[in-house]
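A.B. asks: This is what each chain is made of:
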Amino acid sequence: MLKLERRARICLLIAGILFLGMVFFTFKYVSEGGDWAGFYGNTQIYTAGEINRGEISDRHDNILLSCSKDGVKYNEDSDVRAGTIFAVGDTKGNISTGAINMWKSELIGYDLLNGTYDKSQGGKKLKLSIDAGASKVAYNSLNGREGFIGVFNYKTGEIMTLVNSPAIDPLGDIPQNPDSPVFFNTFMLGKLTPGSTFKLVTSVAAIRNMDTDAFSFKCDGINNFHGVNIRCTGNHGNVDFEEALVKSCNGAYGEISRTVGSKNLKAAAKDAGLMDSIDVDGIQAEKGSFDFPNNDDIELSWAGIGQHKDLINPCSMMVFMGAIANDGKAVKPTMIDKTNFFKKKKGGKIIGEYISPDIANKIKSMMKSTVEDNYGSSRFSGLDIYAKSGTAETGGKKSDSWFVGFLGDEAHPYAFVTWVKGGGTGYITAGEVANDTLQALVSNN
Amino acid sequence: MFDFIINLINNNYEILKHITTPLRWIFVVLAIYILVKAILSLLSTRATPEVWGYMYVEGGYNLPISHWENLIGRSSSSDLKIDNKSVSRNHAIMMRRKDGSWIIKDLSSKNGTVVNGTRLEQGKKYLINTGDEIVFGNVKCNLAAISFEESRNNEELRRMDREPMSPWKSLIAVTIFQILSILQLMIGMRNNFNQSSALSIIGISLLMWAYVIFFKKKGRKAFEMEIIAFFMSTISLLVTASASPTETFKQFIAICIGVFLLIVLCYFQRDLERTKTIRLTLIVLSIGLLLFNLIFGTAKFGATNWVSIGGMSLQPSELVKVAFILIGAGTLEELFRKNNLYQYMAFSAFCLLCLAIMRDFGTALIFFSTYLVVSYLRSGDFSRLILTGGAAGFFGLIVLRFMPYIADRFGAWRHVWEPEFVNGMGYQQTRTMSYGAGGGLLGLGGGNGGLKNIPAANTDLVFGYVMEEWGYIIAILLVLCIITLSLFAVNSIVAGRSTFYTIASCGAATMFMVQTMLNVFGSVDLFPLTGVTFPFISTGGTSMLASWAMLSYFKVSDMRKNASIAVTEEVEGYA
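Line by line, the protein sequences give chains E and U.
The numbering of the first sequence is the numbering used here, which starts it at 1 and goes up by one.
The numbering of the second sequence is the numbering used here, which starts it at 446 and goes up by one.
Errors might be hidden in some of the hints.
To be verified - Facing chain E, according to a computed beta carbon distance under 8 Å, are these residues of chain U, among others: (1) Leu453; (2) Asn456; (3) Ser522; (4) Ala590; (5) Leu798; (6) Ala801; (7) Ala954.
Unchecked claim - Pairs of lysine-lysine residues, derived as DSS-like cross-links and limited to a Cα-Cα distance of at most 30 Å, are as follows: (8) E:Lys69 - U:Lys462; (9) U:Lys570 - E:Lys124; (10) E:Lys73 - U:Lys462; (11) U:Lys897 - E:Lys73; (12) U:Lys570 - E:Lys28; (13) U:Lys482 - E:Lys125; (14) E:Lys92 - U:Lys1006; (15) U:Lys897 - E:Lys332; (16) E:Lys364 - E:Lys191; (17) E:Lys127 - U:Lys462; (18) U:Lys482 - E:Lys69; (19) E:Lys124 - U:Lys482; (20) U:Lys482 - E:Lys28.
To be clear, the hints were calculated from the coordinates, so they are not data collected in a lab.
Since the structure is predicted, the reported quantities are computational estimates derived from the model, not experimental observations.
Don't be surprised by glycine CBs; every beta carbon is placed ideally from N, CA and C.
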């Protein structure tokens, strides 16, 4: 018998495997149960392949999508539908970053305790922080051109507008190919040449690492350096540090880049969060990538001007703009509206202090000067705007148009990033889209 | 009456459907109360071994003889350990007879055994009595009877063991669960719920009370295992009532037959000699059943493991499972005889061959793992175990090679969510996980599930079914019940009377656990899906009946005083 007592341990081993298997399953169940339950094969929450419960609204309770067993209903305005499609998502799951796909378990009312149990079968109301009215304005302003605008509140983190163009109307014609570019959320997942908007980052490196007060550069419009021309849009003449940004002088920024050097430029880009992926309630934005060669001054010059191999993610640029506006502190963007008053008062979650308050204020004032001295405040009537435009050379016929910045308005602390492909001069084309959108946001909120 | 209630529910559905919300809590609380109480009672069991006599060893110490079968020798795993160089590691075995006398057999020891001056011939059994002088090698021993006083002391000690839990409160809890579950199914299914399902659930309640009251009257005390089995069978009826209501009554009948089989097997196994001799009959019957299956079998989900007789369909391999355990068991004496093991090996090989022909891969795995464990328990030979395991692995590869369907299942394993498999080879698993997770911890309520539309939902995928309708907590508790039965079987070996019973209970434990593993892990993609039943839970008459029959092996191993219906207090031991 004693022999058997020992040998019977093999049964304990099997019991152990069964037990550990259940522990492992429980772990998977807890961590992935929401995704499992939200699977389209689950007829409790899908009717004819479409989700059958839950409601998505904007910050003003405008219904953007409501799902029931009778089918899916979108907002009745086709421009609102197209303008919010990248925030809301499509029922086929082509737009992977949309709320339907990202927060399906919230939408169907899944929680660990109750699963999908819902006696009313109505699902949950998912309130997004976006403003549908302003999204429509932004979409119309983009007017079918390839581009986007993202705006967020740099105090609370709420994303106010997230519009990519062109966009599908979920009730209109939808391309069959799931890889079609109209499903691609460039703002969250794209990587683009930043052009002159990157000079803001180079400026941070400059303030940190050189005597900017003593800086001066003589621009002749061609700026030949070791046989290579670093051309400007015009002959800027003698410029100091601030004038270099206001006039967006390539020659000056080429020299600044060479002075601060590869290591410091890289550090500035890293500190600005441009090499990290921003997390928006689980949506992982793309991260930027750069190359600051330390053995090639020409390439380094272009890298500091926002050309060469520079690629930024628009969402991370928006967060950086917010950091400049917010004394250097970057706030985590979110899109699920937390109606909690206390939370709104307290502000969003701070990801980190990207730059020191002094540097933030210095950059801020330079951006103000840029608007006043170069773009003209009249383009943005009534807005306390700080901005930098960019015109990125990407080999196309016409260069891509950037406009990034923020409002200083306490009641409307919005940071924004706008881009229009082939739009030409940044502050004119992209600036107009930004202005239209911000005007709508300020008047709606 | 039944129609009246259904109508009442239909007319007030909008209000009544809200009852499900609190009911879900009540079900979970009741299940936790019933099962956790039974589990704790079984796991806290510490049976004090019965003492049948003493071996007085020269030099002044007494070895208590606490089993019907005892190995005498120098090895540390001997039951009566005599630490002397002249004693072989496995020297002799001693077995108790019904009348209290003992039989001794020398195990080809180096220096031999001498009883009252007579040298024992190897392989022959000799009768010995108390007072006899036995010399192992050159160690003189005396067999001493247990005195009346000692006997009383032992009884006292055994009485001080933790008493089995009283069944009454649990029975009431199960009954409340059953009554409320009828209400829940009425709300969840409304017109789809049928009267025979309601009667079946009431029927199992009555059966449970009758069983416990009857055996309580007969002086038995422990009913934890039966309460677990009745609870699990109730869940089976609830799943069946929701998934295929017309089969519920059949399932209930299977439970009745199963309980009857349990009682018969328990009584039968009280006599070891009788149980030993039935094995040959069982081998013949099993071979017959399997051959019958091969000739007349019909295919279901790819495996030809069904036989239809006059409208009743039967799964012969489920019945063979029950026999397989008993055929594999052996007394201590038999464990030292090689031919007994060969007979078992040949029988196992035959079973596996038949199952391979039937393409019942899952059941073959269950048989094979049980065979491995049982043959290890018998021989203690790990190297052989590994060797057989390796051979089986090779065999398995060939099976995979020639059965593309099974290979496909392996191909989808751990990839079921990928687009390539999600609506193909991973169809059942992804649905099991999806609907199962949708149930949350508390479940959607009986009859409210959506998994029922997926093939084999109430058999192979039953774990997901229970998760969806009755919740994760209850589903997990069911698995814990299976684990508990197994731990109890292992725990009881200390007080076991014969290796025959302990091998049987450990074999049954292995079978239950492997079956549960294949069922649960297969349906949630931790293993490839092989399509086997969950003991006591899956819909299927033969499987239910076999589960109850197998429970007898656990009952036999329950050595708590006056506990089990399968153990007599009178000494019926060896003939």
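A.B. asks: Please go over all the hints and tell whether each is borne out by the structure.
C.D. replies: A quick look at each hint next to the structure:
{"no.": "1", "hint": "Leu453", "verdict": "violated (19 Å)"}
{"no.": "2", "hint": "Asn456", "verdict": "violated (18 Å)"}
{"no.": "3", "hint": "Ser522", "verdict": "holds (4 Å)"}
{"no.": "4", "hint": "Ala590", "verdict": "violated (20 Å)"}
{"no.": "5", "hint": "Leu798", "verdict": "violated (24 Å)"}
{"no.": "6", "hint": "Ala801", "verdict": "violated (23 Å)"}
{"no.": "7", "hint": "Ala954", "verdict": "holds (5 Å)"}
{"no.": "8", "hint": "E:Lys69 - U:Lys462", "verdict": "holds (18 Å)"}
{"no.": "9", "hint": "U:Lys570 - E:Lys124", "verdict": "violated (78 Å)"}
{"no.": "10", "hint": "E:Lys73 - U:Lys462", "verdict": "holds (27 Å)"}
{"no.": "11", "hint": "U:Lys897 - E:Lys73", "verdict": "holds (29 Å)"}
{"no.": "12", "hint": "U:Lys570 - E:Lys28", "verdict": "violated (58 Å)"}
{"no.": "13", "hint": "U:Lys482 - E:Lys125", "verdict": "violated (41 Å)"}
{"no.": "14", "hint": "E:Lys92 - U:Lys1006", "verdict": "violated (65 Å)"}
{"no.": "15", "hint": "U:Lys897 - E:Lys332", "verdict": "violated (44 Å)"}
{"no.": "16", "hint": "E:Lys364 - E:Lys191", "verdict": "holds (25 Å)"}
{"no.": "17", "hint": "E:Lys127 - U:Lys462", "verdict": "holds (28 Å)"}
{"no.": "18", "hint": "U:Lys482 - E:Lys69", "verdict": "violated (43 Å)"}
{"no.": "19", "hint": "E:Lys124 - U:Lys482", "verdict": "violated (38 Å)"}
{"no.": "20", "hint": "U:Lys482 - E:Lys28", "verdict": "holds (28 Å)"}
When each numbered hint is compared with the structure, violations occur for hints 1, 2, 4, 5, 6, 9, 12, 13, 14, 15, 18 and 19.
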